[in-house]
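Enquirer: Each chain, letter by letter, is given below.
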Amino acid sequence: QKEVEQNSGPLSVPEGAIASLNCTYSDRGSQSFFWYRQYSGKSPELIMSIYSNGDKEDGRFTAQLNKASQYVSLLIRDSQPSDSATYLCAVNRTGRRALTFGSGTRLQVQP
Amino acid sequence: DTGVSQDPRHKITKRGQNVTFRCDPISEHNRLYWYRQTLGQGPEFLTYFQNEAQLEKSRLLSDRFSAERPKGSFSTLEIQRTEQGDSAMYLCASSIEKSGNTIYFGEGSWLTVV
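Chains Z and R are the protein sequences, given in the same order.
The first sequence runs contiguously to residue 382 in my numbering.
The second sequence runs contiguously to residue 126 in my numbering.
One thing to keep in mind: the hints can contain errors.
[As the list claims (entries may be wrong)] Here are the computed lysine-lysine pairs in the DSSO-like style, where the Cα-Cα straight-line distance is at most 27 Å:
hint : chain 1 : residue 1 : chain 2 : residue 2
1    : Z       : K273      : Z       : K338
2    : R       : K69       : Z       : K313
3    : R       : K83       : R       : K26
4    : Z       : K338      : Z       : K327
5    : R       : K83       : R       : K23
6    : R       : K23       : Z       : K313
7    : R       : K83       : R       : K110
8    : Z       : K313      : R       : K26
9    : R       : K69       : R       : K83
10   : R       : K69       : Z       : K273
11   : Z       : K313      : Z       : K338
12   : R       : K69       : R       : K110
13   : Z       : K327      : R       : K23
14   : Z       : K273      : Z       : K327
15   : R       : K110      : Z       : K338
What the hints contain is simulated information worked out from the structure, not anything from laboratory work.
Just chain Z, with the same shape it has in the complex (with noise of 0.2 Å):
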């Protein structure tokens, strides 16, 4: 079992619609939770960070934490073109300063 899942896509919404990505982890004791943005051939870039379970939501943005099932969200609203992408899900893991990385989702957004 990987630490981080994601399923790669590519997940593809039409322009103005709601996007939905997903991301599921081994470790119970985790405590942070972060979703990058990453261009092709870009590096990645954060997005936003949640830490308690629920919803946190930022502009267009929202993530969703739910411990007990152990896996966090990202929600798009209004899709743009330019949020064509992949979203790279990152846990901090019991006892360990670095994030590990799931494998992304590639979105496409099409106009």
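Based on the hints, put chain R in the right spot on chain Z.
Expert: Then chain R, alone, in the frame of chain Z:
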């Protein structure tokens, strides 16, 4: 520019040669990380420094790889006797304790071994 800076951005080298990458973290960030990323994969952790101390190393970091952060500021990652399998993007990231575990990446250094 106050972000994480990496140099060189691109490097093409022949198999068997040594290469060195440099990373300058965000000013005042005392934590520095090296990751490696290949096509279709997420970043894979290589090593972590807090100030000048190398506190964590991945099993991915074979004895051909060495990283240093001599004065707790910039860091170097050296790969000796490069192999074609070393071709990847090498990412440096930094963080500061008060930001929790949030890390910020540099633009990466692309390595192609031919």
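Enquirer: Compare the structure with each hint and give your call.
Expert: Structure-based check of each hint:
Distance check on the hinted pair: Z/K273 and Z/K338 sit about 17 Å apart at the alpha-carbon level, within 27 Å; holds. Annotation: proposed proximity of R/K69 to Z/K313 holds, straight-line Cα distance about 25 Å (limit 27 Å). Proximity of R/K83 to R/K26 is assessed by CA-CA distance (about 31 Å); at most 27 Å being required, the pair is judged violated. A threshold of 27 Å between alpha carbons decides the hint, and for Z/K338 with Z/K327 the separation of about 14 Å falls inside it, so the pair holds.
In summary, the hint linking R/K83 to R/K23 is supported, as the alpha carbons are separated by about 25 Å, within the 27 Å threshold. With a C-alpha separation of about 16 Å, the suggested pairing of R/K23 with Z/K313 holds against the 27 Å cut-off. Between R/K83 and R/K110 the CA atoms are separated by roughly 21 Å; this keeps the pair inside 27 Å, and the hint holds. Restraint check for Z/K313 and R/K26: satisfied, since their Cα atoms lie roughly 24 Å apart, inside the 27 Å limit.
For the hint pairing R/K69 with R/K83, the CA-to-CA distance comes to about 19 Å; that is within 27 Å, so the pair holds. Between R/K69 and Z/K273, the direct Cα distance comes to roughly 19 Å. Compliance with the 27 Å bound is thereby established for this hinted pair. For the proposed pair Z/K313 and Z/K338, the alpha carbon gap of about 31 Å is over 27 Å, so the pair is violated. This hinted pair checks out: R/K69 and R/K110 have alpha carbons roughly 23 Å apart, not beyond 27 Å.
The suggested pairing of Z/K327 with R/K23 is violated, with an alpha-carbon distance near 40 Å, which exceeds 27 Å. Proximity of Z/K273 to Z/K327 is assessed by CA-CA distance (about 26 Å); at most 27 Å being required, the pair is judged to hold. Only pairs whose Cα atoms come within 27 Å are accepted, and R/K110 paired with Z/K338 is accepted, the gap being roughly 23 Å.
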